[in-house]
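Throw the hints in and build the complete structure from the sequences for me.
Below are the chains, spelled out letter by letter.
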Amino acid sequence: MKARLELRYSPAHVNKPILSKAILESGVPINILNARLTATEGIMTVEVNADENVVSKIIGILRSNNVEVKEIPRYVEINRDKCIDCGACTAVCPTDALTLGLERKLVLEEEKCILCGNCLKSCPVRAVVLYK
Amino acid sequence: MDESLRTIGQINNKIAKGDVVVLTAEEFVKLAESSGLERASREVDVVTTGTFGAMCSSGAFLNFGHADPPIKMTKAWLNDVPVYKGLAAVDGYIGATAFSETKGIDYGGGHVIEDLVSGRELILRGEGYGTDCYPRKHVETVITIHDLNQAVLVNPRNAYQRYFAATNSSERTLYTYLGTLLPNYGNIGYSGSGELSPLYKDRDLETLGIGSRIFLGGGIGYIMGEGTQHYPAKYLSTIMVAGDLKKMNPRFLRGATFYKYGSTLYVGVGIPIPIVNMNVARNAATPDREIYTEIIDYSVPSVNRPILRRVSYEELKSGKVGLGDRTVKAASMSSLRMAVEVAETLKKWILEGVFKLSRPVAPLNKDVVQKTMPLRRPEPKVAELMRKNPLTANPKDSIRDVSERMVRGNVDHVPVVDEQNRLVGIVTTWDIAKAVAINARTLEEIMTRKVIVAKPQETVDIVAKRMEQHDITGLPVVDEENRVLGLITSADLSRLLKTQGGGVVVEGPA
Ligand code: SF4
Ligand code: SF4
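Sequences listed follow chains A and B, in order. Take the first sequence: its position 120, counting from 1, is numbered 120 in my numbering, and each next residue is one higher. To convert a position in the second sequence, counted from 1, into my numbering, add 132.
Quick caveat, the hints were computed from the structure, so don't treat them as lab data. Please read these numbers as outputs of a predicted model, since none were measured by experiment. One or more hints might be untrue.
[Unchecked claim] According to the in silico footprint, chain B covers these stretches of chain A (three or more CB under 8 Å from chain B):
#1 87-93
#2 97-111
#3 122-128
[Said to hold, decoys possible] The calculated DSS-like cross-link candidates involving lysine-lysine, where the alpha carbons are at most 25 Å apart (straight line), are:
#4 K461(B) <-> K121(A)
#5 K112(A) <-> K449(B)
#6 K82(A) <-> K449(B)
#7 K105(A) <-> K449(B)
#8 K82(A) <-> K392(B)
#9 K82(A) <-> K461(B)
#10 K70(A) <-> K57(A)
#11 K235(B) <-> K105(A)
#12 K513(B) <-> K82(A)
#13 K235(B) <-> K121(A)
#14 K449(B) <-> K121(A)
#15 K70(A) <-> K112(A)
Quick reminder that beta carbons are idealized off the backbone N, C-alpha and C, glycines included.
In structure tokens form, the structure reads like this:
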């Protein structure tokens, strides 16, 4: 299973190699999709490709190291009632998660999304919703 | 004039009898390619076109009816979006790009129009100065489109024949009316429906004209005349259109916001083209690969932006365009899927006999050209405002030495130059403070090497905008050889604005 997690930690823990620790202990690579650091906290979105029990183990390791962990069921969602299939979002999507498919209708391949957020701003009718 | 194939009267008779042959422009292109133009033009009576794009020059005249006691509104708002009130007491015009005084560009006139057409409730607020015949000074109420006496969509410029494609050579993301343009030619934004484009499919403006009945916003509209900035010689024709908003459909009128650009209205426009002669048929059969536009670098702050290359709508619609030695993603701001739906809907109306073609009462002007605004007042240039012979330094200079000179000269910015006085970097008081903290000794250890500059002939408000974009307070002024001529700072600009009350020039043809 592919799990996506949102990690929040205070800068006091930034220098601790928590991720490497979790990778070592679980033996599973953790893919960083997105990382932001603000004055008060660090926010990271990561992806783990592993069995459910391994994923919960990783979550346990992170939590015991003061990292706030939230599972993200999905990233972006297209509001089909609003979307006009212009395709403006496709040009700014770095991973081709958004493309125009059959009959020029917008197709979202969620597995490809890295939550960069480009599509949110580029959509003129605000049809892309960030799943938080 | 080509030999006549059929007249509009004959077509309308066939519509009445129910045996008219109608194809969308896409279908007609295919038929002409498979069966030949000759046969296609004999078989098909009408070709329907469509476009669905952001059309900023759109809006609606509204009549609110009189309150009791009545008010002569000099200012009015719908959901906090200002309505133009330089008209009679309760007449107003809501423009697509007007925006909410409380929500900003996220909610604008385009959204007001969509909400009206959707039958939603809106808050109307009005103010007046009170007269003997209109004693009331304030009004606040809730209205829907059904309460209005008239709601007429009147768009001064719609349905550009074709439109430019945009890219961005700079290192900064640009937010434009052609969408988000990523840095370093990261993508291409374009607009227009190519082989479905209503005005391109009758590009010699032979069949359409003043009074032509069209599909507008899901209802019926009429061409009032040439649109603003109409420029037929360059195949940049436009039309001014009007139609009863009360009978339109929110599916084809959508409020929108371009991030960091503004609010607007997506409008569905479709025009039926009667295939009256071979030239009209030939134009209507033009495929995407023969419809060209130009890719323009929107990072250049001028109306005369450099053209990078010509490109066909076929290439644009493929989503991948070659630019130099790279392939760049292209995306449309207008919706092709919706453009097809407009053309299909219009086709259905004609086949069902509910839409008849009209003969225009006069043709559109073909000689008009698009002019630019004359700038007849002197505009302050960088050269006039910059400080000449500014304090400069060399990369090897010691930080202590330079900081002393900065204090003595009372300056915050020091351009760093080589022996030929060519710009190689810049240091600010902030850099000096940082240098002390990290124990740096010479300028080259701390200077910023990528310097944002100004040219002497640039106007001051372009440079002001550049400072704002990069969040900086001073720019070295350099000549063509990158030699430092002067320095211009935000302090210099605010001195000027105090005496002038200047602003920032914004260009917006969309
Ligand atoms: S968030 Fe980024 S990667 Fe995901 S769909 Fe949007 S543009 Fe693509
Ligand atoms: S930009 Fe918005 S409206 Fe256009 S295709 Fe993407 S999600 Fe749909």
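Cross-check of the supplied hints:
no., hint, result
1, 87-93, "holds (count 6)"
2, 97-111, "holds (count 5)"
3, 122-128, "holds (count 4)"
4, K461(B) <-> K121(A), "17 Å, holds"
5, K112(A) <-> K449(B), "23 Å, holds"
6, K82(A) <-> K449(B), "22 Å, holds"
7, K105(A) <-> K449(B), "13 Å, holds"
8, K82(A) <-> K392(B), "20 Å, holds"
9, K82(A) <-> K461(B), "24 Å, holds"
10, K70(A) <-> K57(A), "14 Å, holds"
11, K235(B) <-> K105(A), "31 Å, violated"
12, K513(B) <-> K82(A), "46 Å, violated"
13, K235(B) <-> K121(A), "16 Å, holds"
14, K449(B) <-> K121(A), "22 Å, holds"
15, K70(A) <-> K112(A), "20 Å, holds"
Of the hints listed earlier, those the structure fails to meet are numbers 11 and 12, in rising order.
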